[in-house]
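Q: Here is what each chain is made of, one letter per residue.
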Amino acid sequence: MACESWREKLDAYVDGALPSAEASALAKHLPQCAGCAAEALERVQMKRSVATAGKRYEASAQFRQKLLKAVSTPRPRERAWLWRIVALPAALVLILSLAVNFYVDREKARRQRVYSELADLHVTTLASANAVDVVSTDRHTVKPWFEGKIPFTFNLPELQGTDFTLVGGKVTYLAQAPGAHLIYRIRKHEISVFIFQDRGGETAKLSSGPVSLLSFTEESWTKNGLQYFVVGDVSTDDVESLSKLLRDAG
Amino acid sequence: MPDQPLPAGTFEDLALPLFDQLYNFARWLAQDTSEAEDLVQETYAKALRGFAGFQLGTNFRAWMFRILRNTFLTSRTGLKSKVEMDEDELESLASPGPTPEAILVEQANRQAVQEALTELPVPAREILLLCDVEEMSYEEIAQVLAIPIGTVMSRLYRARKALRGRLVEKFKGGPNGV
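For the protein sequence lines, the chains are Y and D, in the order given.
What the first sequence shows, in the working numbering, is residues 1 to 250, in sequence order.
What the second sequence shows, in the working numbering, is residues 1 to 178, in sequence order.
Each hint should be verified, as a subset may be incorrect.
[Stated by the list, open to error] BS3-like, lysine-lysine: derived pairs with alpha carbons at most 27 Å apart:
(1) K188/Y x K143/Y
(2) K28/Y x K55/Y
(3) K188/Y x K244/Y
(4) K47/Y x K66/Y
(5) K66/Y x K55/Y
(6) K143/Y x K244/Y
(7) K149/Y x K223/Y
(8) K55/Y x K69/Y
(9) K55/Y x K46/D
(10) K9/Y x K47/Y
(11) K55/Y x K80/D
(12) K161/D x K28/Y
(13) K46/D x K66/Y
(14) K80/D x K46/D
(15) K172/D x K47/Y
(16) K170/Y x K188/Y
(17) K244/Y x K108/Y
(18) K55/Y x K172/D
(19) K69/Y x K161/D
(20) K47/Y x K161/D
(21) K143/Y x K223/Y
(22) K55/Y x K170/D
(23) K143/Y x K170/Y
(24) K244/Y x K149/Y
(25) K244/Y x K223/Y
(26) K161/D x K172/D
(27) K170/Y x K69/Y
(28) K161/D x K55/Y
(29) K47/Y x K170/D
(30) K9/Y x K161/D
Hints are computed from structural coordinates only; laboratory data are not their basis.
As the structure is a prediction and not an experimental result, all values here were calculated from the model.
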């Protein structure tokens, strides 16, 4: 090929735009032709000069920042920012309320379980032909009877001048722990009083106010390491006044 | 190509890396800092608005440069500058018979090349920048300038000749030195 036609292709060659077959043919021609080689070298130098000289301008830092802000999808960003502010406390509140709910539900369920069990004990005891193992209206008879049968002792109130009478007592169990089950009577209604050691487990932390469950009124409190439960199908007032007597005695 | 929903942040990811190149190109075209900033900003705004119509897989860089160039052409400076290629005029810019030696001796003279580029009419300047600075292929350049590849090659040829002529004049110490 004549040098003239090669020289027309020098630009494309230098720009890497020449088809590979032609490019390799030209590459073979250049070492043999000083004129074409000089021309090619000149064009390479020119291209490099322009490449270097052309990288001339840099944007100011302020403009760069301005444009970055404008392009960086401001609305989603703002939303994301707002989202974080709103979502974090909301998530915390949600988690807290879930935790509280969970705790309350669990406490409720546990309390219900304990009270149900006590109500069961109360009912089955009254349904039994031998409701009590020690039959006595005298607290000084009942209290000593429990000695050696349960691992703790307790005081029973003087009932003189009240509507309550002591019927008797027996040993019972709640959550695998022995305790005293006492029966009192008021106006032909029986009330069960349970006394257990306060072990901080299943029966611990029950609310101290009287609660109604399955139409039974129940109350519980803890005193001197003992946990008291009062269960009966009587009014809240009756349960409270018996509870008060027991509290004062214990 | 089926329309695909563009993932969020795609525009940023594609367009922000081009910032330096676009700014340099805009500054070369406009020959003024604040005008170049306006150009770049408008280019990004237009591109962002038109991005839904941009098809992934096509040449994003060429698309952005084309928006920038079209924005320049409609700007005040762009309208004032001769953007229509007067091939004869460009031809006349080139001095005949530049010796390769002259170029080689002075090729390190960056400032001279920058001056020569600035003096070139916009069509010559822009095609040299796209080809030699941005290292675009002829096809990309054709997309940016919206001209056929054959025209890219001929225009590039003339632009180089004109630049060479400018440089030779400078090195010889004046416009009439050749």
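Q: Each hint should be assessed against the structure and marked as holding or not.
A: Verification of the supplied hints:
Of the supplied pair hints, the one linking K188/Y and K143/Y holds, its CA atoms being roughly 23 Å apart against a limit of 27 Å. Distance restraint check for K28/Y and K55/Y: the Cα-Cα separation of roughly 33 Å exceeds the 27 Å cut-off, and the hinted pair is therefore not satisfied. A distance of roughly 20 Å separates the Cα atoms of K188/Y and K244/Y; the hinted pair therefore holds under the 27 Å criterion. Taking the CA atoms of K47/Y and K66/Y, the gap is about 33 Å. The hint is violated against a cut of 27 Å.
A distance of roughly 22 Å separates the Cα atoms of K66/Y and K55/Y; the hinted pair therefore holds under the 27 Å criterion. In summary, the hint linking K143/Y to K244/Y is supported, as the alpha carbons are separated by about 18 Å, within the 27 Å threshold. This hinted pair checks out: K149/Y and K223/Y have alpha carbons roughly 20 Å apart, not beyond 27 Å. For the proposed pair K55/Y and K69/Y, the alpha carbon gap of about 25 Å is at most 27 Å, so the pair holds.
Under the criterion of a C-alpha separation no larger than 27 Å, the hint pairing K55/Y with K46/D is consistent with the structure, at around 25 Å. For the suggested pair K9/Y and K47/Y, the alpha carbons sit about 15 Å apart, so the restraint of at most 27 Å is met. Note on K55/Y and K80/D: the hinted pairing holds, with a Cα-Cα distance of about 25 Å set against a maximum of 27 Å. Taking the CA atoms of K161/D and K28/Y, the gap is near 25 Å; set against the 27 Å cutoff, the hint holds.
For the suggested pair K46/D and K66/Y, the alpha carbons sit about 16 Å apart, so the restraint of at most 27 Å is met. Note on K80/D and K46/D: the hinted pairing holds, with a Cα-Cα distance of about 22 Å set against a maximum of 27 Å. Restraint check for K172/D and K47/Y: satisfied, since their Cα atoms lie roughly 21 Å apart, inside the 27 Å limit. Between the alpha carbons of K170/Y and K188/Y the distance comes to roughly 20 Å, so the proposed pair stays at or under 27 Å and holds.
Restraint check for K244/Y and K108/Y: satisfied, since their Cα atoms lie roughly 25 Å apart, inside the 27 Å limit. Proximity of K55/Y to K172/D is assessed by CA-CA distance (about 25 Å); at most 27 Å being required, the pair is judged to hold. At most 27 Å may separate the alpha-carbon atoms for a hinted pair to count; K69/Y and K161/D exceed this at roughly 42 Å. Only pairs whose Cα atoms come within 27 Å are accepted, and K47/Y paired with K161/D is accepted, the gap being roughly 12 Å.
For a cut-off of 27 Å, the pair hint linking K143/Y to K223/Y stands: about 17 Å separates their Cα positions. With a C-alpha separation of about 21 Å, the suggested pair K55/Y and K170/D falls inside the 27 Å cut-off, and the hint holds. A hinted pair counts as satisfied when its Cα atoms are at most 27 Å apart, and K143/Y with K170/Y qualifies at roughly 11 Å. Restraint check for K244/Y and K149/Y: satisfied, since their Cα atoms lie roughly 26 Å apart, inside the 27 Å limit.
Of the supplied pair hints, the one linking K244/Y and K223/Y holds, its CA atoms being roughly 12 Å apart against a limit of 27 Å. Taking the CA atoms of K161/D and K172/D, the gap is about 16 Å. The hint holds against a cut of 27 Å. Distance restraint check for K170/Y and K69/Y: the Cα-Cα separation of roughly 81 Å exceeds the 27 Å cut-off, and the hinted pair is therefore not satisfied. For the hint pairing K161/D with K55/Y, the CA-to-CA distance comes to about 21 Å; that is within 27 Å, so the pair holds.
Among the hinted pairs, K47/Y with K170/D is consistent with the structure: their alpha-carbon atoms are about 18 Å apart, no more than 27 Å. Our distance criterion of 27 Å between C-alpha atoms is met by K9/Y and K161/D, whose separation comes to about 14 Å.
Comparing the model with each numbered hint stated earlier shows that hints 2, 4, 19, 27 do not hold.
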